[in-house]
Every structure is written in structure tokens, then in C-alpha cells.
Amino acid sequence: MSTALITPAPTMPRDNYLNNGYGVRSWLLTTDHKRIALMYLVTITFFFFVGGAMATMIRLELLTPAGDLVSSDTYNKLFTMHGVMMVFFFLIPSIPTTLGNFLVPMMIGARDLAFPKLNLASYYVYLTGALFTMYAVISGGVDTGWTFYTPLSTSFANTHVIATAVGILIAGFSSIFTGINFIVTIHRMRAPGMTWSRLPLFIWAHYATSLIMVLGTPVIAITLIMVALERGFHLGIFDPARGGDPLLFQHLFWFYSHPAVYIMILPGMGVISELVTCFSRKRIFGYNFVAFSSMAIAVFGFLVWAHHMFVAGISTYAAMVFSLLSYLVAIPSAIKVFNWTATMYKGSITFKTPMLYVFGFIGLFTMGGMTGLFLAALGIDMHVTETYFIVAHFHYIMVGGMVMAYMGALHFWWPKITGRMYPENLARLAALIIFVGFNLTFFPQFILGYLGMPRRYHAYPPEFQVLNVMSSAGASILAIGYLLPMIYFMWSMRYGRIAGPNPWNAKGLEWETTSPPPTHNFAETPIVTEEAYAYGTTTAEVQRV
Amino acid sequence: MSDSRTAAAVEGTATAHGGNPALLHHFETVEQQRDASSLGMWVFLAQEVMFFGGLFCVYLVYRLKYYEAFVAGSNTLNVPMGAINTGVLICSSLTMAMAVYSAQIGKRKMLMFFLAATMLFGAVFLGVKSVEYKQKFTDHHIPGASFSTAEFEQKDHLPRDVANETQIYFSLYFAMTGMHAIHMIVGMVIMGFLIFHSWRGKYPPGHYTTIENFGLYWHFVDIVWIFLFPLLYLISRRH
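Taken in order, these protein sequences are the chains called A and B.
Taking our numbering, the leading residue of the first sequence gets 1, the next gets one more, and so forth.
Taking our numbering, the leading residue of the second sequence gets 1001, the next gets one more, and so forth.
The shape of chain B in the complex, shown without the other chains (with noise of 0.2 angstroms):
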């Protein structure tokens, strides 16, 4: 209803237009409106820098004060497994930059394709995610009343308190991974909506703006897990 009655109001501005029926009411020009979405989605990705960045700070703060117990902490974590969900997104980002390539071009079945590709390593990700959350479950290392720092006591004769302090640790990698986590679910929920328009042909051919824009935040995702490896996996080790 709403609808109508807004191409009723713009009918004079829509024929000024040249009818393109993809151009908004409010812009001018095709162009105008490709730079807006394009600049709106970096000024969100300055937003989301600023979200994880507040979490960085605090493993930042963290592990300058505790660097005994982040050690401990990252010990517990499994390498391979994180070195191969490190490559399962730097595939998905590949598919992802496919998809936008697609869009570019114009070809329907090749962007469908590519979405899926990278639907399905996200989901792949995640699957090797919860397994490594499970393994913590086992563990006992979620904090709260049920963590155990026997293991850290025994194996890396850390004094009480130090052991209690990987905690923190933990808590922090559950904090940034289930962060991360959920920014890849709402993108791969995205992305189911972004199948289903194309298969509908809602992307002719020089209207990509909205894969683009989708493919930014994608690797933006990806890159906060390229920052989250070596901080949380790598670099406290015991060499």
C-alpha cells in the first residue's frame, strides 16, 4: 500500500529518472546512489572496527597483566584446528570475491553458485567451531562454577591464583569467538536472503551494489578471524 502511494507521489520525478525502476526515489542519479549504499556500508564497517576494537583493548589490557596465564590458556587450544578453519575462510572470502565478480558480470547461476560456496565453508566453520567448543565443555574450561584449574595447577605448576586467572583467558575467547561467531551467522542468514533474490533475478546485470556491499562486510568477518588466530592460537605459545 505503501508502495503505491509513494510511486503515485513521484510519478513526475520517476519519468525525470528515465523510469529506471532500480533507482530510488530520493537520489538523483544511479550513480549517487551506488556511492551512498557503498559509503554507508564503510562508515557500518567503522562502526563494527569499533566494536570488536573495544574487545581487542581489553585482551590487549589482559594479557600485558596476566601473560603467565594467557600462556597456559592458549596451550589448551587446538592448532590444527584453528589453522584449518583459518583456511576454510580465506576459501570462503575467495568464493565470496567470486560471487562479487558474478554479480559484476551479470551471470545469474555462476553469483548463486558462489553464495553457496561460501555459505557452505561458513557453515563449515562453524561446524569445526562448535567442535572445539565442546572439547572446552569436556574440559572444564568454560568459566564460572564448573572451571577447573587442576589442569593448570598440575601440568604448568602455576600457583593457585594464576591458574584462576585463565579465566579470564577463557573468558575472552569465548567473548570474541562467539562474537565472531554470530556476525558469521547474520551473514550467512544474509546470505540464504541474497540466493534466494538472485535466484528470483532481483541483480540484473550492473546492479551488484548490494553483493558488493554484502562481500565487504564477508571480509570483514574474515579479517577479524585473521587478527583472532594468532592472538587467542599462536602468539602466546610455549615454543
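The following block holds chain A by itself, in its conformation from the complex (with noise of 0.2 angstroms):
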């Protein structure tokens, strides 16, 4: 774009969403979709919070191989709300609800999404959902797992199930109405030239995030409505005793509940492609390929919801097929992997932060692909299910695959929500931390599973306590790192070196207009002339990154 190599310091904009209103009002009836995007990140960064004080919990009992620090039934508690918090208050809503609806009316010109009201009213509906989860931990909190298995659920837990699935339930509209609004505004939104094979790749991985979010959420939603009316009402719908079928809850839950992982990594593997790019200085390898991946992983999503029941007495037959069908789930996960390292040969690469999460992301998503490989065979799974092999399994998808794109999208992005940079060597520093933090955590979990260490018992034979040391230590060298970010991102704020519209040099529309952007996005309705990602494409481009 610009050919100048010395241009005056960048200057934050008269006019931008952030000054336009101070009082709490113009916060909190706001329909502006980037001040939507603020509150959500706020109150989400507060339920990490929570569900990381859980996660500490069970990590400081777990230091020893004696149950001594809380009883079995307060462990069943804490992992249960660790899970539920950090499902579907953190993870689900933690990309889509902060940087999508930051940036997908951004990235295809639009001047908001195309119902505000609806995205402010999803916002409170979450927060009413996450309230009367709140409710259910301080009165008590809840036992059953965050998968609320039956007949447990329903018929034997003395704990809080239904304030609890009820506040899911809540929670589950707002993801409904966040799907409803990406799907309406990337169909009807796009602004002159955005061509469906010019979107970035961001908005494809929304897309098919939306679809799963419309189409998977209503389902949990009436199961957990009839496991409610179950423990409320004495409805029979799975009560073994009246001969209703615990499994058909199982199938009912993961219908919703696998898709839901796609749910959490999609919107972190649209984030790595927008990163990859600009890192790299070229296009993206394979355009076409990582848009469907993006589809492929929303469809496939939905077929293999049983292979979370090997040992729950399913047919063989069954268990077979989705088997099968859970290994094709690998096909376009593999493709964005290969294409996101394709993307970087013979690139000009810098190590920027939002880089070095892209590599831990990589790294990471990897290996809790791989080893979700395992799990999908049948043998492997029948000897390590229940087990830690399956916590670590997860935790490298969810805190090794999306919370490093979230943190490396948050990076990124950061200078366009705040106007200002936030300090590179400290974010450099905490990328670090993170990562040895976290392999730290987990690697060691998965040799403890392998041995044989069942999961959800707060109290574990002595032979396991070295591993289960180290996994507490990386957990607090992983708290340290997840604190240095919020610490750092506050001060710049203030006191960040002003960024101006583009400080990384990079496409899309986003970056076009300035930083912050003023509340209708853009001056004037941007044309699109050119594809995403067409970095190294004129030779007056310039190096400055």
C-alpha cells in the first residue's frame, strides 16, 4: 500500500467507538457490535478467571496422592464446575462473541452485524445464563460432571443440576442468536466485491461455526429441558426404573456436545489462517481447500457424536462406524494443518507474538489431533478412556488449540480494538511461559492416563505422584502466563504505543479503516478489488514488519 519507509508517528483518530459515549448507558444499551464484543470479552475473562480458581483447586489436591486438601465430594464439585464453567462460559462463547463479533461485519465492509438489537440481547442472555449458573455454584455448586450423565443427574445427585442446566440452557440461546446473526450477515452483509472466494478465512471458520451453533445448540437445549422436567416434574423420559434409556441421553448430549468442540476450534483455526498469512508475507496455500476444511469439520462434526460411548454399551457395529467416522474428521483437519505450514515455506517470516502463538497452536492442535486418533480406535479406547490420557487428549485441542489462537488473536487484533500496541518483548516473554507452562501441565498427563490413573478421583495411588507433581507445577507456571497478558493488555491501554490503522502491514478490510475504528467501521463502503491474503502481490510492497 504505502511506499513511504519513514512516516510521521500515527496519531489515535479524532473520532472512534471507544469516545463515542462514556456514560454506563452508552455501554450497556450499546447496539455498536465492537462495544458488544468489549462487554463480552470482559465478562468472559472473568469466567476463565473463575474456572481457573476450580482448575487450581483441583490441581493443589492433587499434589498429593492422599485426598487431604477437600473431600471426594467437593472434588466431584470442583471438576464438574471447572468443566461447565470453561465449556460454556469460557470456550464456546471465547472467539465468536469477542473477536467475531469485533470483526466479521469488519472484514466484509459492513457497518454492524445485520440485527444489533438481537447481538445485545444475546449478550444478556448469556450473562442471565452465567448469573444462574453462578447461582448454582455458590448455593452448593453441582456433582454430576459437566456432562450430566443419567440416571446420576437425575434421579441420585442431592446437588444443584437444575439451576445449573437451566443456566446452560439460557446460555445456549445466546450462542443460538450469535449463529443467526453471522449466518444473516455473511449472506446479506457483504460489501461490493466480497465475493464468497474472497472471504478471509476468518469469516469461513464464523460460518460453519454458526451453522453448528443454529443447528447443534437447540438440541441440548431439549435435553437438557427434559432432564430438568425429569428431576423437577418426575417426567420418566430416562429413567431406567420406568424404562427409560440412559444412553439415549448419552446420544442426545453428544449430539450437541461433540459439534460443540468444532464449535470452540473452528473460530481458533480461521484466527491462525489470518495470522499464518500476515506472518509469513504470502498468500495462503490452498485457499479453496482450508474454506471447505472449514465445512467439511462443521458436517463431519456431527457424525461421530457416539465415539464419546465405546465402553457405554453401544452396539459393536456402531461403534465400528463411528470409528470410521471419527478418523474422517482427520482428513480436513489435516489439510488445514498441512496448508497452514505450506503457507509458511519460503514465506518471510517474523516472530512476532501473535506468530509465536500460531506455532504453539500448531504444535499443539497436533498432537491432540493425533492422539484423538487413538481414542477413535477402538482398542487404544477401551484402555485409556476414563482416564488422563483423555483429560490431556482434550486439554491439547481446548487450551493447547483454541486458548493459543484466542491469546494469539487477542494479540493481533489488540492494536485495532485499543488504537494501541501493547509491549512485544513482555507478550514474547508470556507466549514462553504459556507454552512450557502448559506442555508441562498436560504432556505429563498423558503418561499417567497410559499408566492407567482414572480420571475425576481426588485421591490416586504414590506411584503416580511425580507426574502429578510436574502437572501442578506447569499449572502454575500456566496461571503465571495466562495473568501476564491481562496485566500487560491493561496497561497498554494507556499507556501502549499509539498503532495507527495498520501496524503489521496487513490485508483485509479491517485493517483499512483506522485504529480504533469509528462506530460505523468505515468512511465510506469499501469496494473489494482484490482476494484475501494478497500479500507480496504488487512490488511496491514494503518490509516493514
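In short, the hints are calculated from the structure, not lab data.
Note that the Cβ used here is the ideal one computed from N, Cα and C, for glycine as well.
Among these hints, one or two may not hold up.
[Unchecked claim] Straight-line Cα separation of at most 30 angstroms, DSS-like style, residue types lysine-lysine; simulated pairs:
1) A:Lys117 - B:Lys1107
2) A:Lys117 - B:Lys1109
3) B:Lys1202 - A:Lys117
[Claimed, not checked] Per the computed footprint, the stretches of chain B lying under chain A, defined by three or more beta-carbons under 8 angstroms from a beta-carbon of chain A, are:
4) 1039–1053
5) 1159–1165
Assemble the dimeric complex from its two separately framed chains, guided by the hints.
Structure follows, in C-alpha cells:
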């Protein structure tokens, strides 16, 4: 774009969405997608730390083989609420409601999402659901595991199952609202020239995610309603005493909750596609394949749920089919990983913080994905299911994959969101700490699981102690890694260097407006004339990053 | 307050829109806005299909598994009342379609009349439904502690465990018709707002998208009943 090597120091734009009104009402009643994104950011960060506090207690308890810090009942509640908080109130909304909300309209050149009021409503619906669940947590908690398996959850648990389930149900509506909003926005609000094959891959990933949100979430809603009705009004849909089938609950639960894994990871994959091109200064390798692999993951994701039930008593033939289908998901996932690495090949790579998270994501996601194949294989699954191997596997996907992408995205778009840069060296250090802390926390759990340590117990045989101490030590390093960015992000909002419209020299419509953007995003509707990621296609482009 | 702020901020764009007050600031044209809300409604209905789909799936599984119990349970339902309700809902769909038509041709009073008629039919449906529910209470057909299997053991000569499985049928009966009834109640509340807004003249000729979208919702709720009626009342009966 710009050919000048020396540019004057950028200044903050006079009118932007942040200084357009300062009162409490201008935030709480806003319909601006960027402000709603920030409200979500603050809220989900809070619930991330609530879930993190539970994880801290879990890791403290597991320092010693004896169950000495908390009772087994309390421990059951801790891992249940850690799962509920992290899955439903952090991971599922994480990238879509914050960066997705902020960027989807900007990347396609729209002034807002198609339904701004629905967007605001989704925030309050989410908050209501979260508060319901927090009520359940504070008034004594819930101890069924985040999966609410019947008949434990319907007939035996004496904890706040209904309040938690209703909370999740309500938060689910917020997910549906967001999904509808994204689908309609992507279909109907694209700027002139923004064809489907020019859409940034972040948008494709969010489109696939939204489809899962809209088609999957209602199934968990009706399932949780049936659980609540069974607990509250003694309906007998899953009650074995009256002929009800608890396995049917598991089928319905995983019909949503497995695709929900892709709700969590797909937006992260979209982020990686944006970051890897920008910091390799190259076009994405195989645009169509990366775009359609997102759709393929969304479709296959609905066909593999019963691989969570291999030991629950489903028929062998069903298990074989689901095992095969689960292997199929590896194909689009591998397409993405190979295409990202191929994008880096012969690129001019710079090791800025977001790129460090990309490396973290690709490595850790690959490990999480490969161990997923172990688990999709019936024989190995019999051996390691319900052990720490599973725990390590899904944390490699969720934390090693999703949270890495989330952190990378926050760093990458932070200058766009706030107009200021974060401190680069400190951020690199934090990325390194997170990577080391993460691996120290979760790699030993693979070994623990393979050796046969079951999940969900607060005591364990003494021979597992060394690996558990390593895991707990890693968790404390990881915690520092997450606290650091929170501190320097807040610091940078006031003291960070002013970023200017495009500090990364990145492509994409969101970088063509000021940082922070004006309330209506663009001075005039942009017209798109080139493909996404047209890095290095103009000779005038100067390497400045 | 927030409205005036937004209005000030989009003054420039509003004039580009030709000052059409019904066109929201973030849309380029009225067609785009109409397309967007209509697509949004259809996506929402897809979500609803999955919601009821979960229930229908559970029904299918259990009907295959406990056919005997489903026959016995289904025989206790009042078919004439279900049939009347089906007719009532079909009539309400007709009045809803008429309401959409009146909105399209911009007849305000006609719109209000047909919305009120739809609401009335909805109320009749819920009234009949509550009579049916009350009958279930008096017959001890409510799953749970007060459920009585005696009737099915004596009249239908079912063994005790099969008679007990009728509770699954009634659980589904209440879950499915209950979820349907909740959707109707929500629809009637929205209809109340729509009548109020059309009385205030919020839907001048050419601005019928809201009514049209609500019509889609109402027809969807009717269609759910069109499936529920045969599934619960008719197909498992002893002939």
C-alpha cells in the first residue's frame, strides 16, 4: 500500500467507537458490535478466571496422593464446575462473541451485524445464563460432571442440577442468536466485490461455526429441558426404573457436545489462517481447501458423536462405524495443518507474538488431534478411556489449540481494538511461559493416563505422584502466563504506543480503517477488488514488519 | 439517549438513504434489510426444527422399543378434542395468512382484526388443551408418584412392567405438547405486541416484514401440531 519508508508517528483518530459516549448507558445499551464485543471480552475473562480458580484447587489437591485438601464430594463439584464454566461460559463463546463480534462485520465491509439488537440481547441472555450457573455454584455447586449423565443427574445427585442446566440452556440461546446473526450477516451484508471466494478464512470458519451453533444448540436445549423436567416434575424419559434409556441421553447430549468441540476449535483455526499469512507475508496455500475444510469439519462433526460412548454399551457395529467416521474428521483437520505449514514455506516469517501463538497452536493442536485418533481406535479407547489420557487429549485441543489461537488473536487485533500496541517483548515472554507451562501441565497427563490413572478421583496411588507434581507445577507456570497478558493489556490501554491503522502491514478490510475504528467502521462502504491475503502481489509493497 | 446519539452519528448515511426512516442505519437498501430479516427468520426456524427434532427422535426410539405401552397410552387420549384442536389451529393459520395479506396491502384495521382472530384461535386451542390436561390429572396419567398402572393392567391386560412403561409415553406426551404450548403462548404474547404496534400505525403500506416473519413462526408452530396430532393420538391406536 504505502510506499513511504518513513511515516509520521500515528495519532489516535479523533472520533472512534471508544470515545463515542462515555456513560454507563452508552455501554450497557449499545448496539455497536464492537462495544458488545468488549463487554463479552470482559465477561468471559471473568468466567475464565472463575474456571481457572477451580482448576487451581484441582491441581492443588492432586499434589499429594492422599485426598487431603478437599473431600471427594467437594472434588466432584470442583471438576464439574471447572468443566461447566470453561466449556459453556468461556470456550464456546470465546472467539465468536469477542473477536468474531468485532471482526465479522469489519472484515466483510459492513457497518454492523445484521441484527444489532439481537446481538445485544445475546449478551444479556448469556449473562443471565451465567448468573444462573453462578448461583448454582455459590449455593452449593453441582457434582455430576459437566456431562450430566443420567440417571445420576436425574435421580441421585443432591446438588443444583436444575439451576445449572437452566443456566446452560439460557446461555445456549445466546449462542443461537450469535449464530443466526453471523449467518445472515455473512450472507447479506458483504461489501460490493466481497465475493464468497474472497472472504477471509476467519469468516469461513465463523460461518461453519455458526451453522453448528444454530443446528446443534437446540438439541442440547431440549435434552437439558428433559433432564430438568425429569428432576423437577418426575417425567420418566431417561429413568431406567420406568423403561427409560440413559444411553439415549448420552446420544442426545453428545449430538450437540461433540460438534460443540468444533464450535470451540473452528474459530481458532480461522484466526490461525489470518495470522499465518500476515506473518509469513504470503498468500494462503490452497484457499479453497482451507475454506471448505471448515465446512467439512462442521458436517463431519455431526456424524461422530458416539465415539464418546464406546464403553457405554452401544453395539459393536455402531462403534465401528463411528470409529471410522471419527477418523474422517482427521482429513479436513490435516488439510488445514498442512496448508498452514505450506503457507510458511519460503515465506518471510517474523516472530512477533501472534506468530509465536501460531506455532504453539499448530504443534499442540497436531498432538491433540493425533491422540484423538488413538481414542477413535476402538482397542486403544477401551484401554485409556476415562483416564487422564482423555483429559490430556482434550486439553491439548481446547487449551493448546483454542486458547492459543484466542491469545494470538487478542494480540494480533489488540491494536485494532484499542488503537495501542501491547509491549512486544513482554508478550513474547508470556507466550513462551504459556507454552512451557502448558506442556508441563498436560504432557505428564498423557503418561499418567496410559499408566492407568483414572480421571475424576481426588486420591491416587503414590507411584503417580511425580508426574502429578510436574503437572501441578506446570499449572502454576501456566497461571502466570495467563495473568501477565491481562496485566500488560490493561497497561497498554493507557500507556501503549499508538498503533496507527495498520501496524502489521496486514491485508483485510479491518486494517483499512482507523484504529480504533469509527462507530460505523468505514467512512464509506469499501469496494473489494482483490482476493484475500494478496500479500506480496504488488511490487511496491515494502517489508516493514 | 442512545437513539439520538446513533441518529447524530449516521446523519450522513441517512441522507444517502433518501431519508427513509424505516431503513436501519447499517443497511444499504430496503431490499437488503428485508432479505436479511427474512433469512434470519428462516435460520431461526431451522433451529426450531432441530429443537423439536430432538423430541421427535426420542419419541421414535421409544415407540419402536415400547410399542405395546404406546398403544395403551395413546388409547387414553381424547381424539375428538385433538381433532377439534387441529381444526382450530388450521383456522388460525388461515387468519394468520390473511393478516400477512392485509399487512401487504396496507389495511391497518383488517390486519388488527385478523391478528386478533389468530390470537383467539390460539386461546381456544390452549383452552381445549387444558381440559385435556385436567382429564389426565384426574385419571392419574401424570408420570411420577401419583401415576397409576392399574388401569392398563386391568383394562389392557398388560403385564406390570409394560404398564409401567406407559409412563414414558405420557412423559413424552406432556413434554411434546407442553413445548408446543409454550411456543403458542410465546406467539400469542408477540401477537399482542403486534396488535398494539399496528394500532399505533407502525406498519404502514410496504412495511410488512415483521408481520410476515411472525406469520412464518406461527405457521411453524401449527405444523408442529400437524405432526404431533397423528403421532400421539392416531397412529398407535387400536383399530
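These are the hints, each one checked on the structure:
1. A:Lys117 - B:Lys1107: Between Lys117 (chain A) and Lys1107 (chain B) the Cα gap is close to 28 angstroms, so the pair holds against 30 angstroms.
2. A:Lys117 - B:Lys1109: Holds: Lys117 (chain A) and Lys1109 (chain B) sit about 29 angstroms apart, inside 30 angstroms.
3. B:Lys1202 - A:Lys117: Roughly 18 angstroms separates the two Cα atoms, so the pair holds.
4. 1039–1053: Result for this restraint: holds, n = 11.
5. 1159–1165: Holds: 3 residues of the region 1159–1165 of chain B have a Cβ under 8 angstroms from chain A.
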